[in-house]
Each structure stands twice: as structure tokens, then as C-alpha cells.
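Everything in the sequence shown is counted per the numbering used here, starting at -9 for the first residue and increasing by one.
Among the hints, a few may not be true.
Cβ pair distances, simulated, as ranges [unchecked claim]: (1) Gln7 <-> His45: 29 to 37 Å; (2) Asn48 <-> Lys23: 46 to 54 Å; (3) Gln38 <-> Lys17: 48 to 56 Å; (4) Asn35 <-> Asn1: 48 to 56 Å; (5) Asn48 <-> Lys8: 54 to 62 Å; (6) Lys53 <-> Arg26: 51 to 59 Å; (7) Ile61 <-> Glu21: 54 to 62 Å; (8) Thr3 <-> Arg26: 55 to 63 Å; (9) Glu40 <-> Gln7: 32 to 40 Å; (10) Ser58 <-> Ile32: 32 to 40 Å.
Hints in this document: simulated from the structure, not taken from any laboratory. We put the CB at the ideal spot given by N, CA and C, even for glycine.
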Amino acid sequence: MHEKYKKEHSNRTRITQKRKVFNKYHKSDKERKRKRGREREIKANNQQSEIEQKHIYNNKLKKKSSISTCIMLSNATA
């Protein structure tokens, strides 16, 4: 009986050790992936905001140029 318990116990500890090692590396891998995903998300958001800023700036320039052409035309006709 005692031998059987010892054998079972050693198997159990071996399995738990394997599980601990697996969890250690597997979890760290999951974390790395999650971190990489977050970085990508942030990068994409930054690029999107930069593009939006450029569009806003270009639209302002267009408005200014259209206003200045209107003024020039009105001065020419007057």
C-alpha cells in the first residue's frame, strides 16, 4: 500500500511540475501576445489620428484658399 502511494504521489508531483512549467511559459506567451496586440492597437489609433489631423488641416487650407479667391474675384470685379 505504501509503495503504491509513493508511486502515485511521485507521478502526481511530476504532473504538477509539468503543469507549472507549462503554465509559466504559456501564460507569459499569452501576455506577450496581448501586449503586442495592445501596441498594434495604439499604433493604429495614432496613425488614424494623424491622418484625421492631416485631413482637418487640408480642409482648413482649402477653405482659406477658397475665401481668398473669392475676395480676389470680388476685388477684381469692383
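Hints and how they fare:
Judged by the Cβ atoms, the range 29 to 37 Å given for Gln7 and His45 is violated: they are separated by roughly 57 Å. Take Asn48 and Lys23: their Cβ atoms lie about 37 Å apart, and the range 46 to 54 Å is violated. The beta-carbon spacing between Gln38 and Lys17, approximately 31 Å, falls outside the hinted interval of 48 to 56 Å. For Asn35 and Asn1, the Cβ-Cβ distance of about 50 Å falls inside the hinted range of 48 to 56 Å, so the restraint holds.
Between Asn48 and Lys8 the beta carbons are some 59 Å apart, a value that agrees with the proposed interval 54 to 62 Å. Between Lys53 and Arg26 the Cβ separation comes to about 41 Å, which falls outside the hinted range of 51 to 59 Å. For the pair Ile61 and Glu21, the beta carbons lie near 60 Å from each other, so the given range of 54 to 62 Å is met. At about 35 Å, the CB distance of Thr3 to Arg26 disagrees with the hint of 55 to 63 Å.
The hint said 32 to 40 Å for the Cβ distance between Glu40 and Gln7, and at roughly 50 Å that hint is violated. Distance hint check for Ser58 and Ile32: the Cβ-Cβ separation is about 39 Å, which falls inside the suggested range of 32 to 40 Å.
Figure legend: structure checked against the earlier numbered hints; hints not met, in rising order: 1, 2, 3, 6, 8, 9.
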